[in-house]
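Peer 1: Counting in numbering that gives the first Met the number 0, the sequence shown tops out at residue 226, every number present.
Hints may be right or wrong, so weigh each one.
[Unchecked claim] Straight-line alpha carbon distances no greater than 25 Å define the calculated SDA-like cross-link-like pairs of lysine to any residue that follow:
#  : residue 1 : residue 2
1  : K79       : Q138
2  : K79       : E123
3  : K79       : A53
4  : K79       : G170
5  : K79       : P132
6  : K79       : A164
7  : K79       : S119
8  : K79       : T46
9  : K79       : P52
10 : K79       : Q51
11 : K79       : D99
12 : K79       : E44
13 : K79       : P98
14 : K79       : A48
15 : K79       : S145
16 : K79       : T116
17 : K79       : Y50
18 : K79       : M128
19 : K79       : F61
20 : K79       : P134
21 : K79       : R101
22 : K79       : G167
23 : K79       : I45
24 : K79       : P122
25 : K79       : R133
26 : K79       : D143
27 : K79       : D66
28 : K79       : G152
29 : K79       : A172
Keep in mind the hints are simulated off the structure, nothing from the lab.
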Amino acid sequence: MIRFRPLLLMSVFAIAALAILATLGRWQWERYEVKRAAAAEPVPEITIANYQPALEGLQFVFGVRPDTREQGWRVFAPVKDGETVIFVDADFIAGLEGPDPREVRFPASLREGAPITGASVRPEPPGPMALAPRPLQRQWFVADLSAMARNAGLAHSAEYYIAAAYVGADGRAAANPFARAPGADELPPERHLGYALTWYGLALALVVIYFAYHRSVGRLSFHARGD
Numbered sequence: 000m001i002r003f004r005p006l007l008l009m010s011v012f013a014i015a016a017l018a019i020l021a022t023l024g025r026w027q028w029e030r031y032e033v034k035r036a037a038a039a040e041p042v043p044e045i046t047i048a049n050y051q052p053a054l055e056g057l058q059f060v061f062g063v064r065p066d067t068r069e070q071g072w073r074v075f076a077p078v079k080d081g082e083t084v085i086f087v088d089a090d091f092i093a094g095l096e097g098p099d100p101r102e103v104r105f106p107a108s109l110r111e112g113a114p115i116t117g118a119s120v121r122p123e124p125p126g127p128m129a130l131a132p133r134p135l136q137r138q139w140f141v142a143d144l145s146a147m148a149r150n151a152g153l154a155h156s157a158e159y160y161i162a163a164a165y166v167g168a169d170g171r172a173a174a175n176p177f178a179r180a181p182g183a184d185e186l187p188p189e190r191h192l193g194y195a196l197t198w199y200g201l202a203l204a205l206v207v208i209y210f211a212y213h214r215s216v217g218r219l220s221f222h223a224r225g226d
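Kindly produce the complete structure, drawing on both the sequences and the hints.
Peer 2: In C-alpha cells:
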C-alpha cells in the first residue's frame with residue numbers, strides 16, 4: 000500500500016519545471032529528426048545566365064561557417080532576372096563587426112555577367128529569438144529575402160537565394176560552405192540529439208528527486224497490506 004501526501008508548493012513548481020524540460024526535449028528531438036532527414040536530401044542547384052546586377056543593393060547576413068566555425072558576414076548580392084530579384088550568397092567577410100557597405104565592392108564574378116550556378120536555398124522564416132536586423136547598416140541575422148530586397152529599393156524578390164561558389168582575390172573559386180539542404184544549419188543533427196537527451200535526463204532526475212524528497216520527510220511510504 001502506498002501513502003503519498005505531496006507538498007503543494009513543491010508539486011506545483013515540479014510540474015511546471017517538468018513541463019518545460021519535456022517541451023525543450025521534444026523541440027530538440029524534432030530538430031534532430033528534421034536535420035537528419037535534410038542531411039539525406041540532395042541540395043537542389045540552379046543556374047541563371049541572363050541577369051543584371053543591382054550594384055547598390057548589397058546586404059550582409061551574419062553566419063558561422065560550418066567548415067571552420069569562423070564568424071562573419073555573408074555577402075548577399077542581388078541580381079535581376081527579368082522582373083525577379085534573386086540574391087546570391089557570393090562572399091564571406093570574417094569578423095564580428097559588420098562591414099561598411101561603402102567599402103565592399105559588388106562581387107567581380109557577378110559584374111562580369113558570367114552564369115551563376117549554385118545551391119537553391121529557401122531560408123527559414125525568422126524565429127522569435129532572432130536578433131533584430133539593422134537595415135541602415137544592411138545587416139541581418141537571418142536571411143529575410145523580401146525585407147532585404149525592400150531595404151535595397153528592389154521588389155519581387157524570389158523565395159530562394161543562390162549559394163554560389165566563393166571567388167577569392169586570386170580568382171580561385173571555393174565551394175560555398177553554406178550550400179546545404181533546407182533545414183540544415185551550423186549545428187549537426189547529433190548535437191540536437193545530445194541536447195534532447197540532456198533535457199529528458201534532467202526531467203527524469205527531477206522526478207527522482209521529487210519522490211526521494213517526499214520519501215525522506217515521511218510523506219511517501221510503502222506498506223504491506225494489513226500494516
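Peer 1: With reference to the structure, classify each hint as holding or not holding.
Peer 2: Status of each hint after checking the structure:
At most 25 Å may separate the alpha-carbon atoms for a hinted pair to count; K79 and Q138 meet this at roughly 21 Å. Of the supplied pair hints, the one linking K79 and E123 holds, its CA atoms being roughly 22 Å apart against a limit of 25 Å. Distance restraint check for K79 and A53: the Cα-Cα separation of roughly 7 Å lies within the 25 Å cut-off, and the hinted pair is therefore satisfied. Pair hint K79 plus G170 holds up; C-alpha atoms about 24 Å apart against a cutoff of 25 Å.
Only pairs whose Cα atoms come within 25 Å are accepted, and K79 paired with P132 is accepted, the gap being roughly 24 Å. A C-alpha spacing of about 19 Å is found between K79 and A164, which places the hinted pair at or below 25 Å, so the restraint holds. In summary, the hint linking K79 to S119 is supported, as the alpha carbons are separated by about 16 Å, within the 25 Å threshold. A threshold of 25 Å between alpha carbons decides the hint, and for K79 with T46 the separation of about 13 Å falls inside it, so the pair holds.
The suggested pairing of K79 with P52 holds, with an alpha-carbon distance near 6 Å, which does not exceed 25 Å. For the given pair, K79 sits about 5 Å from Q51 by alpha-carbon distance, which is consistent with the 25 Å threshold. Only pairs whose Cα atoms come within 25 Å are accepted, and K79 paired with D99 is accepted, the gap being roughly 23 Å. With a C-alpha separation of about 18 Å, the suggested pairing of K79 with E44 holds against the 25 Å cut-off.
For the proposed pair K79 and P98, the alpha carbon gap of about 24 Å is at most 25 Å, so the pair holds. The suggested pairing of K79 with A48 holds, with an alpha-carbon distance near 11 Å, which does not exceed 25 Å. Only pairs whose Cα atoms come within 25 Å are accepted, and K79 paired with S145 is accepted, the gap being roughly 14 Å. A hinted pair counts as satisfied when its Cα atoms are at most 25 Å apart, and K79 with T116 qualifies at roughly 15 Å.
A threshold of 25 Å between alpha carbons decides the hint, and for K79 with Y50 the separation of about 5 Å falls inside it, so the pair holds. Taken as a hint, the K79 and M128 pair is broken in the structure, with Cα atoms around 32 Å apart against an allowance of 25 Å. Restraint check for K79 and F61: the C-alpha separation of about 23 Å stays at or below 25 Å, so the hint holds. With a C-alpha separation of about 21 Å, the suggested pair K79 and P134 falls inside the 25 Å cut-off, and the hint holds.
With a C-alpha separation of about 21 Å, the suggested pairing of K79 with R101 holds against the 25 Å cut-off. Between K79 and G167 the CA atoms are separated by roughly 23 Å; this keeps the pair inside 25 Å, and the hint holds. Taken as a hint, the K79 and I45 pair is honoured in the structure, with Cα atoms around 15 Å apart against an allowance of 25 Å. This hinted pair checks out: K79 and P122 have alpha carbons roughly 19 Å apart, not beyond 25 Å.
As the CA atoms of K79 and R133 are separated by approximately 24 Å, the hinted pair is consistent with the 25 Å bound. Of the supplied pair hints, the one linking K79 and D143 holds, its CA atoms being roughly 17 Å apart against a limit of 25 Å. Among the hinted pairs, K79 with D66 is inconsistent with the structure: their alpha-carbon atoms are about 30 Å apart, more than 25 Å. Straight-line distance between C-alpha atoms of K79 and G152 comes to about 12 Å, which keeps the hinted pair within the 25 Å bound.
Of the pairs offered as hints, the one joining K79 and A172 holds, with about 23 Å between alpha carbons and a cut-off of 25 Å not exceeded.
In the structure shown, a violation is registered for the earlier hints numbered 18 and 27, in ascending order.
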